[in-house]
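Undergrad: Protein sequence lines, in the order shown, are assigned to chains A and B.
Its first residue numbered 1, the first sequence is counted upward by one per residue in the working numbering.
Its first residue numbered 1, the second sequence is counted upward by one per residue in the working numbering.
None of these hints come from the bench; they were simulated from the model.
All figures in this text were calculated on a predicted structure; none of them were measured in a lab.
Among the hints, erroneous ones may be present.
Note: identical chains are not told apart, hence a pair may lie in one copy or across any two.
Claimed, not checked - With a straight-line cut-off of 20 Å between C-alpha atoms, the simulated SDA-like cross-links for lysine to any residue are: (1) Lys144 to Val199; (2) Lys193 to Gly167; (3) Lys144 to Pro185; (4) Lys193 to Pro182; (5) Lys193 to Gly163; (6) Lys144 to Thr60; (7) Lys80 to Thr113.
Number of protein chains: 2
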Amino acid sequence: MQIAIALYENFTALDAVGPYETLGNLPGAETVLVAERTGPVRNDRGGLSVVATRTFAEVTRPDVVVVPGGPDPVNQTGNKALLDWLRAVDPTTTWTTSVCTGSLALAAAGLLTGRRATTHWLAMDTLESLGARPTGERVVFDGKYVTAAGVSSGIDMGLTLAGRLQGDMVAQVIQLMTEYDPQPPYDAGSPDKAPAEVVAFCRSELQT
Amino acid sequence: MQIAIALYENFTALDAVGPYETLGNLPGAETVLVAERTGPVRNDRGGLSVVATRTFAEVTRPDVVVVPGGPDPVNQTGNKALLDWLRAVDPTTTWTTSVCTGSLALAAAGLLTGRRATTHWLAMDTLESLGARPTGERVVFDGKYVTAAGVSSGIDMGLTLAGRLQGDMVAQVIQLMTEYDPQPPYDAGSPDKAPAEVVAFCRSELQT
């Protein structure tokens, strides 16, 4: 089984690394980091680069595709190399997945038309404008398309999909080895739960 | 404020990226990825490299230090370059922190002697043998030393420390922007909660 995590300039590091450490830890899985070109790919803040080890042209039959997001939708919806690759490999994947605004790339590639899907909470309107049907769930399954909410949700998506692929025991071993027993110091992880002034600040100052 | 995340061969990627996306998102913070040499540093599974942009020699006065862990303790306790750097920079840090078995490096450098601390649940005995006093908490503060449990706990540590440094509002903005509203599909993230056979498998098959 080959899991291909797509990288592109301005991706969010945790979007890629959450699924890498969960889904990518499945026994027997080969996880590859794939991009238009091999070599370092810079993240959204510019200070962290992850090395792509394969080009899109080299990865033609991945079983699972994971597309991370990033703060500026143009990096997903306007990325021709990424969208062309997604359209080319999707017909033979078992699962085509995304984290955060990675779903905007899937939608822009035409893969989520009419499908239930999710994205970062600040990008729901953009996802809808691309033809998907946004939901408020953290991890959304619609056929073989699995989309997760913002950034850290890729961990929940990765564990959920690990369970579907190899069973609950294997997924729980991965959860225990990554000690994923979350204890956030605040309860502000979704717009429904965060204080109103926190939500307002994000909408006014941080929405791209 | 400079936050220095140390990299070394065989580190666990999520240990570094969890704090990077939380603590490292503080307004005004410069986050640097530092290692013995600049360039790509391979993770524990060998397939993911993060690029170190500074050498230990170049980063002499970080305000915050973060040491990620990795599965084989020799990579922490036997890493002379890392330990020498930790001893050199610790006297002037505001916070010296670790995720997972990163605390074994802090302890081997002599920084946790007699202090309350934590590590990956499979490494508690090793931490104790290095002079620290292990606890079962997920994030442990003892003076300026902050240690977190395994792998994913670096997200909780990063948010907690973000709040200490710049207040609850800023930390909650980071939590909301990373949509950290965890919904694990299983409740197996600690040895107290996971099914006995899952714990037993990890102890017998996966302990280094």
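Undergrad: Does each hint fit the structure? Answer for all of them.
TA: Hints, one by one, checked against the model:
{"no.": "1", "hint": "Lys144 to Val199", "result": "neither (32 Å within a copy, 31 Å between copies)"}
{"no.": "2", "hint": "Lys193 to Gly167", "result": "between (32 Å within a copy, 18 Å between copies)"}
{"no.": "3", "hint": "Lys144 to Pro185", "result": "between (34 Å within a copy, 18 Å between copies)"}
{"no.": "4", "hint": "Lys193 to Pro182", "result": "both (16 Å within a copy, 12 Å between copies)"}
{"no.": "5", "hint": "Lys193 to Gly163", "result": "between (28 Å within a copy, 18 Å between copies)"}
{"no.": "6", "hint": "Lys144 to Thr60", "result": "within (18 Å within a copy, 50 Å between copies)"}
{"no.": "7", "hint": "Lys80 to Thr113", "result": "within (18 Å within a copy, 54 Å between copies)"}
Comparing the model with each earlier hint shows a violation of hint 1 alone; every other hint is respected.
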